[in-house]
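Protein sequences, first through last, are from chains A and B.
Numbering of the first sequence is given in this note's numbering, commencing with residue -5 and proceeding in unit increments.
Numbering of the second sequence is given in this note's numbering, commencing with residue 25 and proceeding in unit increments.
These aren't lab readings, by the way, just hints derived from the structure by calculation.
Don't take every hint at face value.
[What the hints assert, rightly or not] Below, simulated DMTMM-like cross-link-like pairs (lysine to aspartate or glutamate); rule was C-alpha separation at most 25 Å, straight line:
1. B:K174 with A:E120
2. B:K174 with A:D2
3. B:K86 with A:E120
4. B:K175 with A:E57
5. A:K132 with A:E120
6. B:K86 with A:E73
7. B:K175 with A:D30
8. B:K35 with A:E57
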Amino acid sequence: MSALSEIDRRIVNALQGGFPISERPYAEAAARLGLDEADLIARLRSLVASGAASRFGPLWNSEGLGGAVCLAAMAVPPERFDAVAAQVNAHAEVAHNYEREHALNMWFVVSAERPQRIDAVIAEIERETGLTVWPMPKEEEYFVGFRVEV
Amino acid sequence: MLDAFDRALIKATQTGLPLVSDPYGAIAAEIGATRDEVMTRLGALLASGAIRRIGLIPNHYKLGVTANGMSVWDVADERVSEIGPQIGALPFVTHCYRRPRHLPNWRYNMFAMVHGRDRDEVRAKVAEIAALIGPAARAHDILFSTRILKKTGLRLAS
Chain A
-5 MSALSEIDRR
5 IVNALQGGFP
15 ISERPYAEAA
25 ARLGLDEADL
35 IARLRSLVAS
45 GAASRFGPLW
55 NSEGLGGAVC
65 LAAMAVPPER
75 FDAVAAQVNA
85 HAEVAHNYER
95 EHALNMWFVV
105 SAERPQRIDA
115 VIAEIERETG
125 LTVWPMPKEE
135 EYFVGFRVEV
Chain B
25 MLDAFDRALI
35 KATQTGLPLV
45 SDPYGAIAAE
55 IGATRDEVMT
65 RLGALLASGA
75 IRRIGLIPNH
85 YKLGVTANGM
95 SVWDVADERV
105 SEIGPQIGAL
115 PFVTHCYRRP
125 RHLPNWRYNM
135 FAMVHGRDRD
145 EVRAKVAEIA
155 ALIGPAARAH
165 DILFSTRILK
175 KTGLRLAS
């Protein structure tokens, strides 16, 4: 892990949301942190360059844009795991895919601009792999913070 | 469906805002709009939830928050809508959702993602959740991730 300075830590904790929409947003955000604009911009550049931040900007929500997402899980035989991962990942609509320790060992998110595509992609994956895909659509959302304290 | 302006805004910002004094002006110049048009539309998309937030998107792994446990809960159906928001509000829970059971294979109907520096920290946080829910949780499990197989941002169909 990268050792963050105290100032970088404050930036990471304070700026995971609420960035102003204004003519000089970095200057405003910097003032709240007791920094100047050029210093904040330089520090954000280096947080992105070091990989501590994947990016700085809007977090788009595909559902809010009329699209759909669905979590899905599969129980993949271990000897076929990498081959099945390649089959699943080959679908452009598969946005994330994680290996997890469980009988259901592959968990992926299907994201599509047209909601009807979700079922189609799941059916294609079942046909290609011969495995059952368990759809786990969101029925209610309680909170999506995505924030992490460092 | 998205209109051409929203599509252009997404394309211009999905890898991040320009790190310059006037980022919205820079985006406007790139997509052939005015700064006011860009700011007004981004404000509306933020208000509608199409943009969840604007800021730093942390890389948990690089920040040392390397353990990622999806905690899954079998919560009584009549209690889940009351319990879910309490769990979602915990500072260490990054997402919390109700999802369908697939009986008899999958009994869990509430998911809460918990991050920590190591697995023990995740387990301790999950124990806090269990204490908070009490007997309304009939069973729970933690599915630790062992590998990221794919991770992409929002993609637009061309």
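Unsatisfied constraints (hint numbers, rising): Hints 2, 3, 6 and 7 contradicted; others consistent.
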